[in-house]
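Turn these sequences into a full structure, and let the hints guide you.
Taken in sequence, the protein lines are chains C and L.
Position 7 (the first sequence) corresponds to 7 in the working numbering; numbering is contiguous.
Position 108 (the second sequence) corresponds to 1108 in the working numbering; numbering is contiguous.
In case anyone wonders, no lab produced these hints; they're calculated from the structure.
The structure presented is a predicted model; accordingly, all values stated were derived computationally and were not measured.
Mixed in with the good hints there might be a few duds.
What the hints assert, rightly or not - Straight-line alpha carbon distances no greater than 27 angstroms define the calculated DSS-like cross-link-like pairs of lysine-lysine that follow: (1) C:94 <-> L:1059; (2) C:157 <-> C:105; (3) C:17 <-> C:27; (4) C:72 <-> C:105; (5) C:17 <-> C:226; (6) L:1059 <-> C:137; (7) L:1039 <-> L:1059; (8) C:157 <-> C:20; (9) C:27 <-> L:1096; (10) C:226 <-> L:1096; (11) C:105 <-> C:226; (12) C:137 <-> C:53; (13) L:1096 <-> C:17; (14) C:27 <-> C:205; (15) C:116 <-> C:157.
Said to hold, decoys possible - A few chain L positions that, by computed beta-carbon distances, are all more than 10 angstroms from chain C: (16) 1036; (17) 1037; (18) 1039; (19) 1040; (20) 1048; (21) 1054; (22) 1070.
For every residue, glycine included, the Cβ atom is placed at its ideal position computed from N, Cα and C.
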Amino acid sequence: MAPALCAICRTARALIKRPKNHAKLCKGCFITIFEDEIHHTIISSKLFFPGEKVAIGASGGKDSTVLASVLKSLNERHGYGLDLVLLSIDEGIKGYRDDSLETVKRNAQQYDMPLKVVGYDELYGWTMDQVVETIGKKGNCTYCGVFRRQALDRGAKMLGIKHVVTGHNADDVAETVLMNLLRGDLPRLSRSTSIVTGNDSLEVKRSKPLKYSYEKEIVLYAHHKKLDYFSTECIYSPEAFRGSARSLIKQLERVRPSAILDIVRSGEDMARLVPGEKSSSCGGCQGRSSASGAAVAEEDVGGCGSTNGRNPGGEIAAMDKQLRENEEHEGLEIDITKLKLTESDGTRQNRKDKQIPIRGPNGTGKVVGRQVLGTCERCGYMSSQAICQACTLLEGLNKNRPKIQI
Amino acid sequence: MASSVEGPQIPISVDFSGGLEMLFSNQRRHSLSIAANDKDGNPSTIAFLIDHLCKNLMKDPRSELFVLDGHIRPGILVLINDADWELEGEEEYELKAGDNVLFVSTLHGG
Ligand SMILES: [Zn+2]
Ligand SMILES: [Zn+2]
Chain C
1 MAPALCAICR TARALIKRPK NHAKLCKGCF ITIFEDEIHH TIISSKLFFP GEKVAIGASG
61 GKDSTVLASV LKSLNERHGY GLDLVLLSID EGIKGYRDDS LETVKRNAQQ YDMPLKVVGY
121 DELYGWTMDQ VVETIGKKGN CTYCGVFRRQ ALDRGAKMLG IKHVVTGHNA DDVAETVLMN
181 LLRGDLPRLS RSTSIVTGND SLEVKRSKPL KYSYEKEIVL YAHHKKLDYF STECIYSPEA
241 FRGSARSLIK QLERVRPSAI LDIVRSGEDM ARLVPGEKSS SCGGCQGRSS ASGAAVAEED
301 VGGCGSTNGR NPGGEIAAMD KQLRENEEHE GLEIDITKLK LTESDGTRQN RKDKQIPIRG
361 PNGTGKVVGR QVLGTCERCG YMSSQAICQA CTLLEGLNKN RPKIQI
Chain L
1001 MASSVEGPQI PISVDFSGGL EMLFSNQRRH SLSIAANDKD GNPSTIAFLI DHLCKNLMKD
1061 PRSELFVLDG HIRPGILVLI NDADWELEGE EEYELKAGDN VLFVSTLHGG
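Now the structure itself:
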């Protein structure tokens, strides 16, 4: 077949077919539009202010490497005035981080950014290898993910930085939306769609500038820009449920590429139904963005950021099983009788005062208003519970610490 | 035993990245010769190549990380001479001497 020409410049050969709109683009035009769209997201969400110090959560993987590369380019091109720093977490998995940390070190030189590496051992007193020795391999990605989330905050705090950006992409957000939809957890679904999380009373805010970027385009951008990134499987297997959601997303994308952004936008629309939750969106300039509302997302944990899916045949079955288990706990339908639509005789009541009852993760059925956010009694980090997830996990670990080394 | 079929062979190069190299002896680039035609005498296509790679080049038993239900696993991108294979006819693309085919996984850690 004759090579197609680029839809933008109409001169160079098209090498990329964009998943969101099927546009066929040449390498140069693709790189330009990919960066321009992220710039648009940054500007319309008012993500940064001039002179802001921003830590890029850097794993050496494709997403954070692309994020660092794009932010460096945009910072220079558009004069954001950002002071960018790479922040890496060392989970303490022997051999696993050696190569990726080497990659991050090279990135620090390539992008001329300072690098700070923080270890789980210094933050929590446990390396992931020690966690696995104690609890086994099952469920350890939960630990890894919970610890990593706080690790970025704590690392940023050590550096006196109040803003951490992460490489979460549209596929990641769609995956989280889907998981929370399948769990019937609308409040968390809502938080997961926000581009900025944390709020003014918190010390560190986080944002995801690649929220609308397809994973496929991130990989293609890295390829065509010849970026230096590292890919490995996390040697500890991910949570089966997340792996299933990811496989489902990838299968949907194969049939209908726009599905990923559609899920992200559906998530944003659903978020608007949750009282007290705000969501910012500029998804493809649909003219419905609100102010850059920062939602609370202390539990927006993405496992260990790696997926392998060793037994794809069993994934759907595993998801089925999980769903059945959830159903056994509670019916998940929203109770419409509590909506009390008291609009009579044209007397329009103040709609803002009404709350839609939304069930919590276990279908507890209580009306969820604005989530009350406090701080953890033990470590002082933000938490909606008295004791944060990390401290709860640590408590269990410390109880089980093998009696060794006297 | 690679392509024991009699007849002309064509030289191509195949690259694996994004974690897929682990399935292929941890080696990113492989230079190979494959049969110019399949057993029915039709020009060898990408589908033929994928089958060939599974049978002859993959050293790891976890073939489902590369191929699912006879097709490339969703989430793996295929570039033919740097162009998205969707622009080139996907599995039906007929291989030419000197072609480069890159398989890159999007599924591994970010
Ligand atoms: Zn062009
Ligand atoms: Zn705590």
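Are there hints from earlier that the structure breaks, and if so, what are their numbers? Those not satisfied are hints 8, 12 and 14.
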